[in-house]
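K.L.:
Residue numbers (my numbering), protein chains in the order written: chain A, 1 to 246; chain B, 1 to 246.
Any given hint could be a false lead.
Note that the list lumps identical chains together, so a pair holds whenever it fits in one copy or between two copies.
[Said to hold, decoys possible] Computed cross-link-like contacts, SDA-like style, restricted to lysine to any residue with a CA-CA straight-line distance of at most 20 Å: (1) K122 <-> L144; (2) K196 <-> N234; (3) K122 <-> L133; (4) K196 <-> P175.
No wet-lab data here; the hints were simulated from the structure.
It should be emphasised that the depicted structure is a prediction, and the values quoted were computed from it without experimental measurement.
2 protein chains.
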Amino acid sequence: MATVLKHPSSLPVGDVIGALALFEGLDTPAFERLNAAAQRLNIPKGKLLHLQDDPADYFYVIVQGWVKLFRETLEGSEAIIDVLTSGHLFGENAVFENDCYSCAAEAIEDTTLISLPTALLKELIASSNQLALNMLSSMSRHRLQQHREIEHLNVQNAPQRIGCFLLRLCKPDQPVPVTLHLPYDKTLIASRLGMKPETFSRALAKLKEQTGIRIVGPTVYIDRLQALVSYTCNHCSTSFPCDDLG
Amino acid sequence: MATVLKHPSSLPVGDVIGALALFEGLDTPAFERLNAAAQRLNIPKGKLLHLQDDPADYFYVIVQGWVKLFRETLEGSEAIIDVLTSGHLFGENAVFENDCYSCAAEAIEDTTLISLPTALLKELIASSNQLALNMLSSMSRHRLQQHREIEHLNVQNAPQRIGCFLLRLCKPDQPVPVTLHLPYDKTLIASRLGMKPETFSRALAKLKEQTGIRIVGPTVYIDRLQALVSYTCNHCSTSFPCDDLG
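Given only the sequences and the hints, what does the whole structure look like? Please build it.
P.N.:
In structure tokens, the structure reads:
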């Protein structure tokens, strides 16, 4: 559920939630109630927002920053389900999941959020078919993203999964050679891609060797975009550039 | 989206669709229209029902049999997204995905389906908030299943993923020692779990060694259920028995 927010830090709360696809076409009284209940929160890096199975009183819109959603196994490993940034929502699904969060959430950078009560969302969905349809569209888009994720975990090897992660950071009109910045640290990228740190290092070395990309600190230089695309996207059901992953 | 169907092969079409959670609480005129448009289809094993990106005129309810949903990569590998049986729906999400199927579908056994027009579903969702809410609940449940799937692909090793597959076939009140039958062939189980056949064979050998399970043809004998549970479920965020995967 991503909406591109322009200059998010300077926007009033109403403008941020007004820009969300989820609330498109909502009638004024419903929107006013959401606006009145919305609160801006500044969350420091590293703060745990909630645990899996916690009662979900609020859902959140990310104004600026990064949030990871994860689940913890009984023996203590962490499985990252998603890493979200500006314009994404999380926790809204609790409405359909016994009012509990299905994942834990942690701010991985200093993050600004807007919180909204899940009880209000639940009430409005039951009375507004427009909101229910918006939510269905968003959830369906998310389902497609998850299909792609399952596909990649099934058929791509580790270097290809890293290649795909990098290609998703490229803008469609980006001039070649491409220079881009890793959005968060490599350990987290490894976890996000379902790799142990040592697997990630080996895979990254192989990707560099196969495609000629260079990485200096958090900066990635892609001199031959087509080489990276061929290496990665032949092992996916969609060709580059794909815009289905928000 | 699973609903348990009793004696599905002998049920009239209206009873099958009437038992679906998706249509619960739907008003009589809407239900009558669905019922009038529903068609029963007998599909032989191996028949391709549709390709990914095909226009989606119909969605389907599985009455009896098995259907695999998959995506094909540009270089021709197949990634299995799901394998579904009686009571499951597929294709209904096309309503939110430009009226195209997001996965290919193939009958992997002789299968009986009921087809329903997606255009009618789209029309009814727009006018019935009850139907929209039912669809949201189903989609949310599916989203949780996919979270679990991503979690497992990220943190479980291959023998644990096979262990999990077997534990999901156990009924909660099943007497120990457990005897169960593999629902489809091992090659397909391997693909469903994102493994190459040789990885699957090695992983199965390790699982047998670690947990004492025995497999003769399509029959699995679990003499020490707790050993299988400990080996598998400590590497998951939910303890056995988990009922969230339909």
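K.L.:
Each hint should be assessed against the structure and marked as holding or not.
P.N.:
Hint by hint, here is what the structure shows:
For the identical chains of this complex, K122 and L144 are inter-copy neighbours only, at 18 Å across copies versus 24 Å inside a copy, given an alpha-carbon limit of 20 Å. For the identical chains of this complex, K196 and N234 are inter-copy neighbours only, at 18 Å across copies versus 24 Å inside a copy, given an alpha-carbon limit of 20 Å. Both within a single protomer and between protomers do K122 and L133 lie at most 20 Å apart by alpha-carbon distance, with minima of 13 Å and 10 Å respectively. Taking the shortest alpha-carbon separations for K196 and P175, neither the intra-copy value of 33 Å nor the inter-copy value of 38 Å comes in at or below 20 Å.
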